[in-house]
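Engineer: Protein sequences appear in the order of chains E and V. Adding 206 to a residue's 1-based position in the first sequence gives its number in this note's numbering. Adding 640 to a residue's 1-based position in the second sequence gives its number in this note's numbering.
Calculated directly from the structure, the hints in this document are not laboratory data. In this text, a Cβ means the ideal position worked out from N, Cα and C, and glycines have one as well. Mixed in with the good hints there might be a few duds.
Pair ranges (Cβ atoms, derived) [claimed, not checked]: (1) A337/E x A879/V: 28 to 36 Å; (2) Q220/E x V724/V: 40 to 48 Å; (3) Y246/E x D759/V: 21 to 29 Å; (4) L964/V x Y246/E: 52 to 60 Å; (5) E866/V x A218/E: 52 to 60 Å; (6) W644/V x Y222/E: 24 to 32 Å.
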Amino acid sequence: MVIVKRKELSFAEQLYIPEILRGLSITFRKMFEPKVTRQYPEEALIKTDVTRGQPRLVVNEDNSIACVSCGLCEAACPAYAITIDGGETEREIEREPKRFDIDMLRCILCGFCEEACPKDAIYMSDELELADYSREALIYDMDKLKRPKKALQDRIDYVNRINDRWQTPSST
Amino acid sequence: MIAWQDLLVMVLKIALIFGGLINVGALMTLAERKFSAWMQYRIGPNRVGPWGLLQPLADGVKFIFKESLMPDGANKALFRFAPVIAALPAFMTIAVIPFSNDIVIAGKNYGKLAIADLDIGVLFLLAIGGLSVYGVILGGWASNSKFSLMGGLRASAQMISYELTLILTILAVIALSGTLNLAEISDGQATIGTWNIWSQPLGFMLFVIAMFAETNRHPFDFAECEAELVAGFHTEYSAMKFALFFLGEYSAMTVISCLATVLFLGGPSVPFWVDAPWYVGFGAFIAKTSMFLFLFIWVRWTLPRFRFDQLMGLGWKVMLPLALFNLFVTGVFVSLGWNLWAKLGSLI
Chain E
207 MVIVKRKELS FAEQLYIPEI LRGLSITFRK MFEPKVTRQY PEEALIKTDV
257 TRGQPRLVVN EDNSIACVSC GLCEAACPAY AITIDGGETE REIEREPKRF
307 DIDMLRCILC GFCEEACPKD AIYMSDELEL ADYSREALIY DMDKLKRPKK
357 ALQDRIDYVN RINDRWQTPS ST
Chain V
641 MIAWQDLLVM VLKIALIFGG LINVGALMTL AERKFSAWMQ YRIGPNRVGP
691 WGLLQPLADG VKFIFKESLM PDGANKALFR FAPVIAALPA FMTIAVIPFS
741 NDIVIAGKNY GKLAIADLDI GVLFLLAIGG LSVYGVILGG WASNSKFSLM
791 GGLRASAQMI SYELTLILTI LAVIALSGTL NLAEISDGQA TIGTWNIWSQ
841 PLGFMLFVIA MFAETNRHPF DFAECEAELV AGFHTEYSAM KFALFFLGEY
891 SAMTVISCLA TVLFLGGPSV PFWVDAPWYV GFGAFIAKTS MFLFLFIWVR
941 WTLPRFRFDQ LMGLGWKVML PLALFNLFVT GVFVSLGWNL WAKLGSLI
């Protein structure tokens, strides 16, 4: 059992009025202090490397897509948001996706696809805004998902830095 | 015989006062949100119109187009009638408030800016104003919901406790000024020294506290009591019926602020400018009333709600004896003819 000792109130405190006036003076002063509200659509969100936005596909410098349509991200996706149809290509890697769709309404921005990818082809960008007039328009195809590697470089560097941390000294 | 000019003047006054009251009620909802936001480091509504000024209009449109729900088993007639009773008294009582001194335009006297110059203005105001609690009680009872019923019950108990204090403090003012006519009460406080707040400091304090309880505002909003009773008496109300309850609350606040201005702050009297023109006096009246209205909001966002037994204890054990004491002392002074403050006031 815990007995809480109550504070003995002084006469002024028992009168309430001085204490009420003190409280009122505090709220009055707070009215003129700087506000913390961020006016969102006009003022952009603060983005860092850690910001995990929507997944995007990496496009190499020679304009070819880095993805080889192995399907690991499709398998890793817990929300079944990714659909891949693979196909052959004349390039050295021989395979590339013919169709790569991400249903943005299903995507939960977990980043598992990014972790699963063996070819560093899919990364979580810092793009967060997602609004449209129909459900169909929010199923993003390859054209909408492709991003030049340069645009994703900050995130790529960050992920590499984090991954390096898990490498034990003996394995390197 | 009533000349048509007199009729026109009267209609203009009525339009101005009622239109003003409705708009002040609507603007108060915006002010409430703005000031609360500023006190909590936020900005508040700023999207609809400049500084969010059209927000009340947007809210009104929203309320009109919302579905009006009625709970199963509700008393249909009373459920519909309650919001009307809650809102009506404020609009009736505003009629006796004198907003300015005699309006003189181009040498012609149009009388005070008041709808009715009743000799028993104070009595009328208290009698009709007391009806507004029926809206709360009936709304609570007709909803067929336990939360609403509790809210209505508490409102009635609270109203009985605090109306006594309110009336006793007003009685002391009436004893001082010797009239029930609100216009004459404010005429008797023409200079700042003769304002009743100086001769009735305790009465003023009690009036302000009872004023909060009468309008069901924080820290005495036991009829609503979001933490315990969901929303109290208007839990089951939606759409325009709910808006009417709100309009009633804010209008009641406006009227009682006007009353406080007339009774204690000299109505339209301007400090240190005895023969100010009527429009300056009207401005002074608006300023004083706005001060009270700001106090309502300010206190709401500062103090936590009382516990119900504390509310009752405060009402019966502290406020009522103090109000009686105040009335007694005032009575002694008046009956002995010691009008110290009037003498002092005439010196200023």
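Engineer: Can you tell me whether the CB distance of L964/V to Y246/E sits inside 52 to 60 Å?
Structural biologist: Taking Cβ atoms as reference, L964/V and Y246/E lie about 56 Å apart, which means the hint holds.
Engineer: I want to verify a distance hint. Is the separation of the beta carbons of Q220/E and V724/V within 40 to 48 Å?
Structural biologist: holds, 43 Å
Engineer: Looking only at beta-carbon atoms, does the pair Y246/E, D759/V fall within the given range of 21 to 29 Å?
Structural biologist: The hint (21 to 29 Å, Cβ to Cβ) is violated, given that Y246/E and D759/V are roughly 58 Å apart.
Engineer: For the range 24 to 32 Å, tell me whether the beta carbons of W644/V and Y222/E fit it or not.
Structural biologist: With Cβ atoms ~56 Å apart, the hint is violated.
Engineer: Within 52 to 60 Å: is that where the Cβ-Cβ distance between E866/V and A218/E falls?
Structural biologist: Roughly 31 Å apart at Cβ, these two residues miss the hinted range, so it is violated.
Engineer: Can you tell me whether the CB distance of A337/E to A879/V sits inside 28 to 36 Å?
Structural biologist: holds, 29 Å
Consistency with the previously given hints fails for numbers 3, 5, 6, ordered from lowest to highest.
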